[in-house]
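Participant: Next come the chains, spelled out residue by residue.
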Amino acid sequence: MTDKLNNMKDLQGFIHQLDFFDSIEDHLLDDLVQKLKPALYRDQEIIWNEGDSGNWGFVIVSGEIEVYKKAENGAMIAVDLLKPNQWGGISNLLVLGCRHYRFVCRGDVNVLTINKEDLSELMKTDSSLSIALLKVMSHRFADNTSRLADTIQYLTEVLGFASHELQSPISSMVTDAQLLTKEYLGPLNEKQKEKLKRSINKGKYLLNLIQKYLNLSRLEDISLKLRITPNVNLIEDVVEPMIDLFESERLNKNIKFDYFCVDKILIVECDIVLILIAFSNLLKNAIHYGNEGGRIRVSIQVENETACMKVWNEGSGFSKKESNKLFKRFSRLDNPALRLKSGTGIGLYSTWKIMQLHSGKIEADSEEGKWAEFKLTFPIKQTELPEE
Amino acid sequence: MKDGKKVILYVDDDVDFRDSMRTVIEAEGYLMIEAATGEEGIHLYNEELPDLVIVDLMMEEIDSGTKMVRDLNSSGCQVPIIVASSVGDALSMTADYEELGLSGVLQKPVDFDTLIALLKSKLK
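Chain order of the listed sequences is A and B.
One point on numbering: in the working numbering, the residue at position 25 of the first sequence is 25, and numbering is uninterrupted.
One point on numbering: in the working numbering, the residue at position 95 of the second sequence is 95, and numbering is uninterrupted.
Hint data in this document are derived by calculation from the structure and do not stem from the laboratory.
For clarity, every value in this text was computed on a predicted model and none was experimentally measured.
All C-beta atoms, glycine included, are put in the ideal place defined by N, C-alpha and C.
There may be inaccurate statements among the hints.
Claimed, not checked - Here chain B is said to cover these stretches of chain A; the calculated rule only asks that three of the stretch's residues, wherever they fall, bring their Cβ under 8 Å from a Cβ of chain B:
| # | segment |
| --- | --- |
| 1 | 169-175 |
| 2 | 180-190 |
| 3 | 204-217 |
What the hints assert, rightly or not - When the alpha-carbon atoms are kept at most 20 Å apart in a straight line, the in silico DMTMM-like pairs for lysine to aspartate or glutamate are as follows:
| # | chain 1 | residue 1 | chain 2 | residue 2 |
| --- | --- | --- | --- | --- |
| 4 | A | Lys-69 | A | Glu-45 |
| 5 | A | Lys-253 | B | Asp-111 |
| 6 | A | Lys-204 | B | Asp-111 |
| 7 | B | Lys-6 | B | Glu-26 |
| 8 | A | Lys-204 | B | Asp-16 |
| 9 | A | Lys-253 | A | Glu-373 |
| 10 | A | Lys-182 | B | Asp-111 |
| 11 | A | Lys-375 | A | Asp-263 |
| 12 | A | Lys-253 | B | Asp-113 |
| 13 | B | Lys-124 | B | Glu-28 |
| 14 | A | Lys-182 | B | Glu-28 |
| 15 | A | Lys-182 | B | Asp-113 |
| 16 | A | Lys-284 | A | Glu-240 |
| 17 | A | Lys-182 | B | Asp-19 |
| 18 | A | Lys-193 | B | Asp-111 |
| 19 | A | Lys-35 | A | Asp-118 |
Claimed, not checked - Have a look at the derived ranges for each label pair, beta carbon to beta carbon:
| # | chain 1 | residue 1 | chain 2 | residue 2 | range |
| --- | --- | --- | --- | --- | --- |
| 20 | B | Leu-49 | A | Leu-188 | 35 to 43 Å |
| 21 | B | Ala-27 | A | Ser-146 | 54 to 62 Å |
| 22 | A | Ala-162 | B | Ala-27 | 34 to 42 Å |
| 23 | B | Thr-114 | A | Phe-257 | 16 to 24 Å |
| 24 | B | Glu-48 | A | Lys-381 | 44 to 52 Å |
| 25 | B | Ile-116 | A | Glu-305 | 41 to 49 Å |
| 26 | A | Ser-146 | B | Glu-39 | 41 to 49 Å |
| 27 | A | Pro-169 | B | Met-1 | 34 to 42 Å |
Isolated chain A (complex conformation) (with noise of 0.2 Å):
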């Protein structure tokens, strides 16, 4: 093949068939055939390493080429398979850089080379080749993000399933163990008794990561749209059954409770699944984190067309430091008062998110050791609703 393509009516042939030359001149055709070399690389052979400096690119003739990237752990993860009319290194035809990928071959593979300085001087006779070349290097990264896109797809509708999956045996078992703490079949002893709850407690820590990754597999999910109800009453709909839901759990750490709203009715436009999700989470939260014993204040109300909850609480709080970790994904707070408690990294992440959904914020305020407040506010008309 390669002697073949040293042919230069064959050379220029298989030029003329690649679509995205097609605007391109033929004298300025027969040009860049001049500067493209054959070149034949074998079965396994290496064309360049992930990090190597490059100055050169190509255009595939036959055969097909392994795209490798190096994970993490610094295992090779194949990413992509070149075939024939496809380029490689095409980025540093325009830009001098390092590779940023392992090509392999996956048996012969004849392709046409040429390098920077060569291609250069051809694009200042015509800048039509060099759009010719942004037009690959476009369709290249459409077909990336589209790959792309479909694996977070995948991999958010299987985290929906594996913890939707998980739910239902775990809440059985935390059930059971309830059946016998509370002695319906039969005596226990005291160290019995200590064990289940235990068990129980990790139970219901596994169910409430199992909920936060259930939300965060729908809030992930990038065909996500939001379902706005046009007259939700905040006060009544969201704020206020939240409260009595988590009720129980607020006693059972003698938590004190404010609440103060202007008025009863506060109407939004807003997805009420979701910012029911994100005031649960601030509230949770506050519960999780406050002192025993400790104080909690729910403030409802309008600011500038805004609709305004704030949660505050008594307890460990955060560094101004640590504040800027606050709404990243799995991440937790380096403060040794917080690291004592089970905390996932979903929940604030998930309420930004959802607040960046109804085109609102969330802020965060604390004194360090003494008191943490979380602030959300959107405007209470979606009238552009957010794609996302």
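Fit chain B to the supplied structure of chain A, relying on the hints for placement.
Facilitator: Same frame as chain A, but now just chain B:
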């Protein structure tokens, strides 16, 4: 009422849940009848006319719990209906709570003290 005891219909496709709920409900002096699907639940409701119905929302067959509640309502059911669900589903349920005409929502895993208090208040 059957043999002087109030009858509770519990619908859940998880046999372990049904077994645990029976232990608690019967220990409190009620009689429990059970079904594993919404369809079976409707059938049993019509046959036994229980005093209260508890339906699990998270049965394998999608929406079968909500469908059963709607079917009971449209057939003119007057007895209290309580749904059992996990915390997250309870959150999304809040919006439909009134529309479904429910008498209560039980969080799974069920806290037995809450269950007993709910039964006592609804079956005075």
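Participant: Each hint needs a verdict: does it hold in this structure or not?
Facilitator: Tested hints:
no.: 1; hint: 169-175; verdict: holds (count 4)
no.: 2; hint: 180-190; verdict: holds (count 3)
no.: 3; hint: 204-217; verdict: holds (count 6)
no.: 4; hint: A:Lys-69 x A:Glu-45; verdict: holds, 16 Å
no.: 5; hint: A:Lys-253 x B:Asp-111; verdict: holds, 17 Å
no.: 6; hint: A:Lys-204 x B:Asp-111; verdict: holds, 12 Å
no.: 7; hint: B:Lys-6 x B:Glu-26; verdict: holds, 10 Å
no.: 8; hint: A:Lys-204 x B:Asp-16; verdict: holds, 17 Å
no.: 9; hint: A:Lys-253 x A:Glu-373; verdict: holds, 19 Å
no.: 10; hint: A:Lys-182 x B:Asp-111; verdict: holds, 11 Å
no.: 11; hint: A:Lys-375 x A:Asp-263; verdict: holds, 19 Å
no.: 12; hint: A:Lys-253 x B:Asp-113; verdict: holds, 18 Å
no.: 13; hint: B:Lys-124 x B:Glu-28; verdict: holds, 13 Å
no.: 14; hint: A:Lys-182 x B:Glu-28; verdict: holds, 13 Å
no.: 15; hint: A:Lys-182 x B:Asp-113; verdict: holds, 10 Å
no.: 16; hint: A:Lys-284 x A:Glu-240; verdict: holds, 14 Å
no.: 17; hint: A:Lys-182 x B:Asp-19; verdict: holds, 15 Å
no.: 18; hint: A:Lys-193 x B:Asp-111; verdict: holds, 16 Å
no.: 19; hint: A:Lys-35 x A:Asp-118; verdict: holds, 7 Å
no.: 20; hint: B:Leu-49 x A:Leu-188: 35 to 43 Å; verdict: holds, 38 Å
no.: 21; hint: B:Ala-27 x A:Ser-146: 54 to 62 Å; verdict: holds, 58 Å
no.: 22; hint: A:Ala-162 x B:Ala-27: 34 to 42 Å; verdict: holds, 36 Å
no.: 23; hint: B:Thr-114 x A:Phe-257: 16 to 24 Å; verdict: holds, 19 Å
no.: 24; hint: B:Glu-48 x A:Lys-381: 44 to 52 Å; verdict: holds, 50 Å
no.: 25; hint: B:Ile-116 x A:Glu-305: 41 to 49 Å; verdict: holds, 47 Å
no.: 26; hint: A:Ser-146 x B:Glu-39: 41 to 49 Å; verdict: holds, 43 Å
no.: 27; hint: A:Pro-169 x B:Met-1: 34 to 42 Å; verdict: holds, 35 Å
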